[in-house]
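The task is simple: from the sequences and hints, build the whole structure.
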Amino acid sequence: MDKVLLIIQREYVTRVRKKAFIIMIFVVPLLILAMGAIITLIAKDSDNLSAPQIVKVLDKTGQFSGKFKNQKNLRFEMTEQSVDDLKPALNKDEHLSALVIPTDYTTKDAVKIYSQKKPGITLTSKIEEEMNAIAINNGMLKNHIDTSLLHSIKSDISLNPMEITNSGTNKTSQGADIAVGIACAVLIYLCLFIYGAQVMRGVIEEKTSRIIEVVISSVKPFQLMLGKIIGVGLVGLTQFAAWIVLSIVSTKIVGHALSSPQGGMMQALAALQTIHFGSLLFYFLFYFLTGYLLYSALFAAVGSAVDSETETQQFMFPVTLPLLFTYILSVSILFRAPDSPLAVWLSMIPFTAPVAMMVRIPFGVPGWQLAISMSLMVVTFIFTTYVAARIYRVGILMYGKKASYKELVKWFFYKE
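Going by the working numbering, the sequence shown opens with residue 1, and the numbers climb by one from there.
Treat the hints loosely; a few may be bogus.
[Stated by the list, open to error] Label pairs and their in silico Cβ distance ranges:
(1) Ala135 with Lys87: 25 to 31 Å
(2) Gln314 with Thr107: 47 to 53 Å
(3) Ser218 with Phe26: 37 to 43 Å
(4) Ser82 with Met140: 30 to 36 Å
(5) Val245 with Leu342: 31 to 37 Å
(6) Asn132 with Ile349: 23 to 29 Å
(7) Gly364 with Phe325: 23 to 29 Å
(8) Ile349 with Met140: 50 to 56 Å
(9) Tyr386 with Phe325: 56 to 62 Å
(10) Gly364 with Met398: 46 to 52 Å
[Said to hold, decoys possible] No farther apart than 25 Å at their CA atoms in a straight line, the calculated lysine to any residue pairs in the SDA-like style are these:
(11) Lys87 with Gln116
(12) Lys18 with Val28
(13) Lys402 with Thr310
(14) Lys67 with Lys126
(15) Lys410 with Phe383
(16) Lys3 with Arg390
In case anyone wonders, no lab produced these hints; they're calculated from the structure. Positions of the beta carbon are idealized from the N, C-alpha and C atoms, including for glycine.
Here it is in structure tokens:
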């Protein structure tokens, strides 16, 4: 045990003393804060990001003439010219488009838009919205429906989500839940890659420099692998702790600096107060630690099986594929349906649970699902560490031979 502690101390101290580690502790929270501010400003002024667009409308039905409403950075101009007549102008101006509405405009793909380059989805969406609104309005007039009366009774209902707890009801914020869930999933995904890769690089460096031959003479391979994994993991926890403290301090400073309670930033801070950060932090640390121990053991096994980083690709892809698959689903699908069967199963499978469960937790996860998921994480990382250690003990002393999956299986079954 003393030898493992010495290895942990060496791995931890050598990394936290590096200038890059100290700089990143302070830089990352500042970058996150700056990124949030920039995104807020961009979202607030998103209409000004696109260049002014002019759409020449050739209406062969006569039902849309003069009914298009100009919008910010989007102007509609009626024309009698054909597309062939407009081609010279379209070829010269990339911000000019021609919209052709045929008499059978209700037929699929009948309405066409011509431009020098592919039109953006924002432009096509705005045109579709305008055309649908005009068509609906024309239809109501045709059926003698009073459109002014219909618009006057139009309502604007919004839901106020409330969560029922044992102590009563609490206000919730779906936007904050989505933002925090995705942020935690992305952070877990990145950190498992970053710190797992550090373990792998450390193993490869020691193997290629032949230092490992000296170390193995006094330490068992399993002790070396365990010490390296725990040491790097503690470095990650140290960074997390520093980032959390600095993030809290910076959030408080920003909150006091903003005096207007109606500001967008203040609304965001108020929404974040609906999140139970105590339990969220506990689950985040649990899934980071268990996920890290699971994947770093596999990364260590990969590092022991190769002589350079360029040879790791054949083993890295199957190892990291579950994480990548879940990450893509998390930022695109899972947050929309956190209780769907897909989300539930991904949060149960240990190789995908660290990312998928962090998306679900802000929305509330049943206790039995958490218990099963956490138990499987512990059992799996213990089993994975055992498998990786058996491969590591042989691979760490293999030089000049390209390993295959068949070789890894042989290494696993080698007797002590």
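For this session: Run the structure past the numbered hints and jot down the numbers of the failing ones, going up.
Result: 6 and 9
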